[in-house]
Every structure is written in C-alpha cells, then in structure tokens.
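Q: Respectively, the protein sequence lines represent chains H and W. Residue 27 in the working numbering is what sits at position 27 of the first sequence, and the numbering runs on without skipping anything. Residue 2 in the working numbering is what sits at position 2 of the second sequence, and the numbering runs on without skipping anything.
You may find that some hints are simply not true.
[Unchecked claim] No farther apart than 25 Å at their CA atoms in a straight line, the calculated lysine-lysine pairs in the DSS-like style are these:
{"no.": "1", "chain 1": "H", "residue 1": "Lys44", "chain 2": "W", "residue 2": "Lys135"}
{"no.": "2", "chain 1": "H", "residue 1": "Lys22", "chain 2": "W", "residue 2": "Lys135"}
{"no.": "3", "chain 1": "H", "residue 1": "Lys19", "chain 2": "W", "residue 2": "Lys97"}
{"no.": "4", "chain 1": "W", "residue 1": "Lys97", "chain 2": "W", "residue 2": "Lys58"}
{"no.": "5", "chain 1": "W", "residue 1": "Lys53", "chain 2": "H", "residue 2": "Lys9"}
{"no.": "6", "chain 1": "H", "residue 1": "Lys44", "chain 2": "W", "residue 2": "Lys103"}
{"no.": "7", "chain 1": "W", "residue 1": "Lys58", "chain 2": "H", "residue 2": "Lys22"}
{"no.": "8", "chain 1": "W", "residue 1": "Lys53", "chain 2": "W", "residue 2": "Lys157"}
{"no.": "9", "chain 1": "W", "residue 1": "Lys102", "chain 2": "H", "residue 2": "Lys19"}
{"no.": "10", "chain 1": "H", "residue 1": "Lys9", "chain 2": "W", "residue 2": "Lys135"}
{"no.": "11", "chain 1": "H", "residue 1": "Lys19", "chain 2": "W", "residue 2": "Lys157"}
{"no.": "12", "chain 1": "W", "residue 1": "Lys53", "chain 2": "H", "residue 2": "Lys19"}
{"no.": "13", "chain 1": "W", "residue 1": "Lys103", "chain 2": "H", "residue 2": "Lys9"}
If you are wondering where the hints come from, they were derived from the structure by calculation, not from laboratory data.
So the chains spell out like this:
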Amino acid sequence: MADQLLDAKGLNCPLPILKAKKALNALPAGGTLEILATDPGSVKDFEAFCRTTGNELMEHTVDGNVFRFIIRHSA
Amino acid sequence: MANESNATSMSMIVTKGSLDWGYPPFILATTAAAMGLEVTMFFTFYGLTLLKKKLDLKVTTLGNPAMAMPMMGMHMSMPNIVAALPGVDSAATAMMKNLTRKKGVASIEELRDMAVEADVHMIACQMTMDLFEYKLDDMIEGPVLGGAASYIETATKSDINLFI
Numbered sequence: 001m002a003d004q005l006l007d008a009k010g011l012n013c014p015l016p017i018l019k020a021k022k023a024l025n026a027l028p029a030g031g032t033l034e035i036l037a038t039d040p041g042s043v044k045d046f047e048a049f050c051r052t053t054g055n056e057l058m059e060h061t062v063d064g065n066v067f068r069f070i071i072r073h074s075a
Numbered sequence: 001m002a003n004e005s006n007a008t009s010m011s012m013i014v015t016k017g018s019l020d021w022g023y024p025p026f027i028l029a030t031t032a033a034a035m036g037l038e039v040t041m042f043f044t045f046y047g048l049t050l051l052k053k054k055l056d057l058k059v060t061t062l063g064n065p066a067m068a069m070p071m072m073g074m075h076m077s078m079p080n081i082v083a084a085l086p087g088v089d090s091a092a093t094a095m096m097k098n099l100t101r102k103k104g105v106a107s108i109e110e111l112r113d114m115a116v117e118a119d120v121h122m123i124a125c126q127m128t129m130d131l132f133e134y135k136l137d138d139m140i141e142g143p144v145l146g147g148a149a150s151y152i153e154t155a156t157k158s159d160i161n162l163f164i
C-alpha cells in the first residue's frame, strides 16, 4: 500500500506527470505514491520521468485500461 | 539526482499565440520543470499574447491542410474557401475547446498557472510590447521585460534551446 494515492484517470498529457510531481513533492523522502492513469502514453512517460528525476518506479501494472504506477520519492 | 542526460536547463522562444500553438510551449515548459530542469520562456511577437491576463485564443483552419477535426466518426478538414467565411474560426475554436475538455487535456490557462507555480522564468519581449501597444497592466504578474540579448544570454547557459 502506497502512502498516497493520485487518481489521474481521464487526464491527458502532461497532466498525470505534473500532478504526480506535485504529489511527490508533498511526500517525505522515501514516501511512496500510487498513481492511476488511463493515458496510454503515461507508461513511457512515467519511465522517462523517473529515469530523469531519479525517483524510483517501483511497480507498474495494467488492469484493463487503467495503468497503475508506484513511485518512491527518492530524488 | 539521477539525470542521465545531464541536461539541467531549457529555454524556448515562443512566437505563436493561437489556441493550438499555445499548447506545445506550456506543455514542454511545465513538464521540463517537473523533471527538474530550469526553464526559461521568451515570449515574442504573437507568442506574447499568451501572457495576457485574459486569454481569448483562437484556432483557424485557414491555410492548415493538416488540421482535420474528428467529426461524426470521420475526420474533416476544411477547404480554405470555407475556412475564410465569417464564423468558421469561432466554430473551429469552440470545437477544439470542446475536444480538449472531453479528452482530459488541460486548458492553456491551467498549464500557464502551473508553469508560473513551477517557477518557470518568463521574459516578455519589450519590443513586441511597444510594437503591438500592449499594456503591462493587461499582462499576468511574473514575467520580466527583456529583449533579444536577455534571451541570448539565457540560451548560452541552457542545455536545450527550442524555437516554437
């Protein structure tokens, strides 16, 4: 279970990333954020976001048309 | 920070102020800022209109053969002779705004607010202010006034420089 949940379903690029960044900022270092998104582009984008910022993409699963990411605030 | 590309800063020249062309600069600026880059936007010529407090952006299909709007299950592009008729621009604009809402795309206002919030540096071109007789009172708070030299100085220090 992540420390915080961000429901970004229905939002399109770049809103899931921007809202995730905001939510991560509010978390202490080591805190985890779960993100739900329906934007298929968010898969590649969250990978790129994490590689570039150094936040850890711990989990990435798909359930139907919902993408679920867990990111640890480590940057 | 594990920024593999080593790029830590980005600048862009924003020259266009239509509803469609207003998107790329704000999308890229907000995303780059979210990814830890220091971002500067230089608003010049028609791009300057994006800094007005009250945005009234429009889109035109005139001279834009690639613009095909989804309509009744098809994609419609508009012959120039139709696109030039009064009312067609407002209809295309309304359609575009409707589509962005429906598809969960942010409004320009929303993205601009997020850019300001993310401390994106904004430079408003002084020459364009004079040229088009824009008043400082009509512009949002935050941008500083500057010219080509201010932008070039920023560009010499930026890893990524874009012209939009």
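Q: With reference to the structure, classify each hint as holding or not holding.
A: Outcome of the hint check:
no. : hint               : verdict
1   : Lys44/H x Lys135/W : violated (42 Å)
2   : Lys22/H x Lys135/W : violated (33 Å)
3   : Lys19/H x Lys97/W  : holds (21 Å)
4   : Lys97/W x Lys58/W  : holds (10 Å)
5   : Lys53/W x Lys9/H   : violated (30 Å)
6   : Lys44/H x Lys103/W : holds (19 Å)
7   : Lys58/W x Lys22/H  : violated (30 Å)
8   : Lys53/W x Lys157/W : violated (30 Å)
9   : Lys102/W x Lys19/H : holds (19 Å)
10  : Lys9/H x Lys135/W  : violated (40 Å)
11  : Lys19/H x Lys157/W : violated (28 Å)
12  : Lys53/W x Lys19/H  : holds (24 Å)
13  : Lys103/W x Lys9/H  : holds (11 Å)
The earlier numbered hints that this structure contradicts are 1, 2, 5, 7, 8, 10, 11.
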